[in-house]
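Q: Here is what each chain is made of, one letter per residue.
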Amino acid sequence: MTEDHVRDRIDEVYRSDSRRVLATLIRLLGDFERAEEALHDAFAAALDTWPRDGIPANPRAWLVSTGRFKAIDRLRRAARFEAAVGELATQIEPVALPDSELIEENSDVADDRLRLIFTCCHPALNADARIALTLREVCGLETEQIAKAFLTSAPTLAQRIVRAKTKIRDARIPYQVPAREDLADRLATVLHVVYLVFNEGYSASAGDVVTRADLSAEAIRLGRLLVELLPEPEAVGLLALMLLHDARREARTSGDGELILLEAQDRSLWNRAQIDEGLSLVERALSSRQVGPYSLQAAIAAVHAEARDAASTDWRQIVGLYDVLLRLDPTPVVELNRAAAVAMFDGPAAGLALIDAILVRGDLADYHLTHSARAELLRRLGRAADARAAYERALELTTQQPERRFLERRIAAIR
Amino acid sequence: MTDAAIIEEIAMKYLCLIYNDEREMGTTPRPDTDKMMAEYFQFTEDIKKSGHYVGGDALQPTTTATTVRVRQNKVSATDGPFAETKEQLGGFYMINAKDLNDAIQVASRIPGAKTGSVEVRPVRVFAQQ
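One line per chain: the protein sequences are A and B, in this order.
The working numbering applies: residue 1 is where the first sequence begins, and numbers increase by one.
The working numbering applies: residue 1 is where the second sequence begins, and numbers increase by one.
Keep in mind the hints are simulated off the structure, nothing from the lab.
Keep in mind that the hints are not guaranteed to be accurate.
Simulated crosslink set (DSBU-like; lysine-lysine; CA at most 35 Å straight-line) [unchecked claim]:
#, chain 1, residue 1, chain 2, residue 2
1, A, 148, A, 70
2, A, 167, A, 70
3, B, 13, B, 35
4, B, 86, B, 48
5, A, 167, B, 49
6, B, 13, B, 98
7, B, 114, B, 86
8, B, 86, B, 13
9, B, 98, A, 70
10, B, 13, A, 167
11, B, 48, A, 167
12, B, 114, B, 35
13, A, 70, B, 13
14, A, 167, A, 148
15, B, 49, B, 86
16, B, 114, A, 167
17, B, 48, B, 13
18, B, 98, A, 167
19, B, 86, A, 167
20, B, 48, B, 98
21, B, 114, B, 13
22, B, 13, B, 49
Pulled out of the complex, with its shape left as it was, chain B reads as follows (with noise of 0.2 Å):
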């Protein structure tokens, strides 16, 4: 079996949230996002050969949320979160592991990890009836 299959068929999912501090990815000089880019699509590519990717997307920024809630159900809908975190969720990858070391090591080649920071959920598996 190649190394992709046995992590299909071992695999637990988990979902790698990014956070990085979104005033500075406005101010970023063009060259420099387009490397970024460049990385984030290697990236991509390469946990889709090696058989860990699952899905992934990068976020527009948090002026751009509204946040949902029904109360005695009535929706109501405002703008934000405007939290005062340094860093702002921007993006996510779900992904195939086989344990918390191979999603680490995978979290860890995510680009925005060398600038912001990457947290790692194991994603909770209900019983099937």
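Chain A extracted, bound-state conformation (with noise of 0.2 Å):
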């Protein structure tokens, strides 16, 4: 092999396995940072040698006992200067196990993965920092990524990861998969996050549009990694409603980037393999004795995406599940997408009072949703002045630019 065809090789090895040789190490040394370093080490010394030895058997195994062995290397030389640090040298070296037994068919390093995920969406670190840090430790981006997608400067970002880090060491959150008692719960934050990142990706929050596909890519493929490490009904729930909307993002926005409804997409240009996958994933979510907020919620899509069009989509059925939803995670939020369904199966003045009952009551007064979901009813039912005066509050309340867009064209067609 030329050492161009090793240094491609090394390149695959690193996007395929660095996070996962990442996971090993923090288990095996006990710190980010002494891990991130040996990652860094392994690699440079695999550029090193792999050219000269040729590429080892198990190029993963190389790496982990390559980068915890730089690890010992780096404490021995601190040992010098610190006498304290010495004694950790000799703590994650305590003999010297075959890399065979370091990295095959070991529950240990299967979970490994699975408790870095754990610790990064830890509920005792700051919302926005788990996010950072999964991003940042579990996918691989690097920190200039992840600022640039969510809108932040790339020192702040950092910060946030590095405080994260420091509470992860000094607080001691340990790196394990929680006991089987809390698993639930901590299992329901680390879907959060996955949900965030995607929703980011899929519906920007701000800025010029409307969807940043590399974060969804990203929120899916962790999604399948939990699905991969820990199927439990609800991740399985939570990948399939992701697959089901990502699949129609071709359709979400026209070719100069504008806004388009779900009822107006054309439906041809949904992604059927992605469908599919979907699908299978909400029956098996759904064959689970326990349901769950996400596996409803794919349902719900699901409905949407074996309807050949909007018109002929099974709104009965889709209310059903919306009811179901609410019982589970009774917020205003879901209220709102229920009138919406409503709206549509009842006519719009049914929809319209369920939505005026939310705001009656004090809920989503500014989330800018509420009011173009207003608006829309209002329309329909022939109220100018009032749909115009709606999608104007909406607008007040829209930061990004292809749905202001897609606002301001609802105003100028009601004039």
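The two chains are supplied separately, each in an independent frame; assemble them into the complex guided by the hints.
A: This is the structure:
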């Protein structure tokens, strides 16, 4: 093999395995920073020796054990200056395990990525930091990429990550998969992080473009990883939900980046393969005894996906699913979505009454989608002046450019 | 090794600060305060048995507090603090726990966590010379 071939292979291993190697190194070395340094050292060593000695039979095992030895080396060197660190070097160097034992068919190693996910999404960490840390450590995105996706500055984001890592170390957040009795709660936190990443990618909260496909793709990758490592029904449900929504991506915007509502989308542009995968996952999630909010939302998306066009959508079933969802997750946003479905099934007046009831209660008054949904129903009822006022209120509350242009077009059409 | 022995061996110390609305404490009927006391007594016994307990006490209300400062070598002692916050520090436990999950588990069993909140802070360790 030529040197170029070896380099390509190293790049490939980096892309496919660097996160697994990192996850195992964090467990072996007990520290994020030390593990990242070790990972870096291990790949540097690979670039150095693989072209000369050939690619090892098990590159991942080679990288883990090389990284570990490099970390011990670093600690030994530091120990010449500080006695206390010397002790640490002996702690993480108990026995020289054979590589195969370190890496193969060992449930510890299989669980390392899961440990990493649960640690990055620990509820004791700040909610924004959980997202940043997960994208950085589990997905391997660069700090700059994450900052750009979330429209924050790289230094702010880097600081967030550093603070989170400091807390993990100083408050001793353990590197472990939670105990059975805590698993449901902790998994919910993890799924929420994944869902937020997906949403930011699918419906960016601000800025020039509607979607940031790369974030959605990362969320789907995370969702697949979770289903592979911990196939709980809600993890399956969330993956289904993301696949079904993401399948509509191509149809959601026009060539010039304008937003197209579900009812007006060209359904031939929907990604059929992704829908089929989503549908079978929905079935799997719903067949479990414990049906959760993500599985129900996926089931709703599945009903849409199965309809040939907007008119033939089974709205009765969608309203029924929202009824169940509202019992599990009684939030105003779910109520709003249910109201929109009721409007499709029972007519705009019925939907409008439900939305007005939410507003009278004082909920969702500053949420742009409340007002745009309300405006849409008023327009259908022929109440032009009220509809315009509602669209204008929605416009005031919207920061995302394509959505703003959509609302402006609606307002112009009323005049 | 027993669980208690393991915890002592590898533990880290956490201070659990218990915050409650102390005005509410003053108006709570007698049977309820008795029940609360019994719960605290039981909890303290439990964490002594499990090896988590290091120390702990309840505090007199903030109306008894005095704030001390030294500025330019002059000592000032003033009444208060009378913070505007809804909840006040009312007691604490110092615990041994093997990690934050363990500490959260212990803190969640403090009776005051049901009505107020418990702040869990790792104790800082300075390197021995």
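Q: Hints numbered earlier in the text: which of these fail when held up against the supplied structure?
A: Those not satisfied: there are none.
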